[in-house]
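**Q** Here are the chains, one letter per residue:
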Amino acid sequence: MLDKLIRCAASTVATATVAGMLASAPVPAKAGDVTVTYADWQLAQDIWGRSLREAMAEFEKQNPGIKVTTDPTALSHRDVKFTTAIRGGAGPDVFALDVNPVKQYITNGWVKDLTPFIEAEGGEAFLKDFYPNTLQPVSEDGKFYGIPKNVVAMVLIYNEAMFRDAGIDKAPETWAEYREAAKKLTKATKSGGPVDQWGATLVLAKACFDLRFSVVLRGFGGDFLNADWDESRLGEPAAKEAFDFVTDMILEDKTMPPGIAQVDCNGARRLLANGKVAMIFGTMWTLPEVNGMNPDLKAWDVLKMAHVPQKTVDDKSIRSTLYQKTLFMNPNTKNPEAAWKLIKFLSEPKQMQRWFDDNNMLSARRSVNETYDPITSSPFAATVTKEIERAAFLPLIPKWPEMLEAFRQNLQSAVAKQKSPEEALADAHKQYQAILARP
Amino acid sequence: MRDYYKGYLFILPAFLLLLIILGFPAVAAFLQSFNLMWVATPSFTLGSYKALASDPEFLTSLMNTVIFVTVVVSSHLVIGLGVALLLNMDLRFKWLWRVVAILPWTMPDVIGGLVWRFMFDTLPGIVNSVLLRTGISAEPIDWLGNPTLAFLSVMLAESWRGYAYPMLILLAGLQAIPRQQYEAAELDGCSAWQKFIYVTLPNLKHMIIIALVLDVIWESRLFGMVYSMTGGGPGYSTQILTLLSYKQYFQFFNVSYGASMAVVLATVLFFISLPYLRMSMRQQL
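As you go down the protein sequences, you meet chains A and B in turn. Residues in the first sequence are numbered consecutively from 1, following my numbering. Residues in the second sequence are numbered consecutively from 440, following my numbering.
It is worth saying that the hints were derived from the structure and are not from the lab. Check before you lean on any hint, since a few could be wrong.
Unchecked claim - Derived DSBU-like pairs (lysine-lysine); straight-line CA-CA distance at most 35 Å:
(1) B:K634 to A:K417
(2) B:K634 to A:K430
(3) A:K170 to A:K430
(4) A:K334 to A:K184
(5) A:K399 to A:K316
(6) B:K489 to A:K399
(7) A:K417 to A:K254
(8) A:K240 to A:K419
(9) A:K419 to B:K489
(10) A:K81 to B:K489
(11) A:K334 to A:K298
(12) A:K417 to A:K206
(13) A:K311 to A:K334
(14) A:K240 to B:K489
(15) A:K344 to A:K276
(16) A:K386 to A:K128
(17) A:K240 to A:K276
(18) A:K81 to A:K325
(19) A:K61 to A:K206
(20) A:K187 to A:K240
(21) B:K489 to A:K206
Put together the whole structure using the sequences plus the hints.
**A** Below, the structure written as structure tokens:
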């Protein structure tokens, strides 16, 4: 009897294994089939990856004869991998980028001009559904190099339950209120124990620094560069106020957790998920991510969104930063028609709805954000959509990644007390001027 | 065909492979540093090298590299020699201790960096956890957020990971020392210390030079450990030359500038490797 059971179990396991291998094995392309490669850092993420792979399967079904190979590329290695491959005449046919390196890709010819494809689809009629500002990063000299997929603005995300416990009844609207709330929220949760709950955290590590610190700078009425992106604004009083505000919160108030130099966006989300901090800057993706990290928190109920604080309530200037994910075509692609079909598919309204359903991401298409019921009825989407109107992109110039890193390293030096905040900001300002003066 | 030429024919495929794999990137980096390759309008310029001389970030990174390599290589030689001496003794389960001693070296430097980073993490890290629980520290220490502590932490981590390489070279050297020399020293009434000073060290001289030169080259080129542990921060405090070169080349797309840093580093390392090259050529002659 036992023998039979073991044999039966063994044959079941063997059958299941073979079936699993067959199911997971890639279906070989038939003769005449075209294969396009799609590279995206979010393919490596759990929810996003599943969502994207489901979309690819649907694309293959709709387009018999085109096979899609997915290439999950880690965000930290993305540019190294793409630019080296493209310079060597290879690389993925279609790939996704955020806006930071886009101008370098365009300037160096690492992305294909999509204008002929767009014109064949109707030109302006094809583009009119996209928010006009989403086309700004992907266009140069009247040519279009990419198709926007998702766009969001950064907002303040806070834990309402922790606010209530600290006796705070509303989200901070000004930086003074933000700082006061952070002080009230910083405490030792065990009597006589060390402080183990902090009011807020920023991101000072490299990953995601750009979107988080920029809202503080802009919320104070300052910015990194002027409107033409050719002059530093770090010498202005608003920049000093923002810089001092952050260093004071970390060093004097101690309302941000120790070790903040290593906190990246995932670290910040983990601190929020574990109830260690009550406020972070984030956007639509923060909720599913935090929920995945700690389902017990009940993130969808406990976390709330509010606009980025400002210096004064009646300030109407830009206070937030836009994030955009865009699809590009490799100039080396051997199958431009198939690659364009994939780009068009991934940015069509139906797929945009999928990105919201699966990942809580807003669309770069106005029609989707304004008519798709789950979006129009979401309080989170309402806050972020409203904030898009008060948000702007970070400088869209090839020198921007270098300038951003110079600023971050100087801020870290100030937080590590290697330089005074005045020295650090002055150094960053000088470095900006030197970088901008370079041909 | 004479046998003399046949020999060259046999090594030709390997030679060509090496030329492509090692030679091409070196030539490409050299040309890029003068703005002659992979740029829209190639034109010879010494601009990148001139800019290096007045770039404070480059000079800081160069100084960090010198300190890092000096401390780490010294610790590798001291720890490596100590462990090699222990492993050269008649121990029980000698094979097991040898495996244990070599384990850190088998770990990829990026993984090693991540492990140490988690250990030194301010809030959930094991180091702070032990210090807080035992009452040695009243509050968490910001190991990787304090410039001095961060540099010490990175050097400690790399001292642990890389000591096995010189250790293996020195162990091979120890095993090659004829036993008769120790027996003669014992007959002369030498103490253990005297045997170490007058027999072991003179016999190990060449091996120590080889270990020193190769480890200096290895550590000067180190990237993954520092990149994954601190990313060069806080500020510029742990930024070594390889990190700056990588950033300039791949993150800022300043191809010529990044390549010029790599060329400077390669030139310095070439001169450092001269004693080793001379020694190995002399042995061949």
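**Q** What are the numbers of the hints the structure violates, in ascending order?
**A** 1, 2, 3, 4, 11, 13, 15, 19
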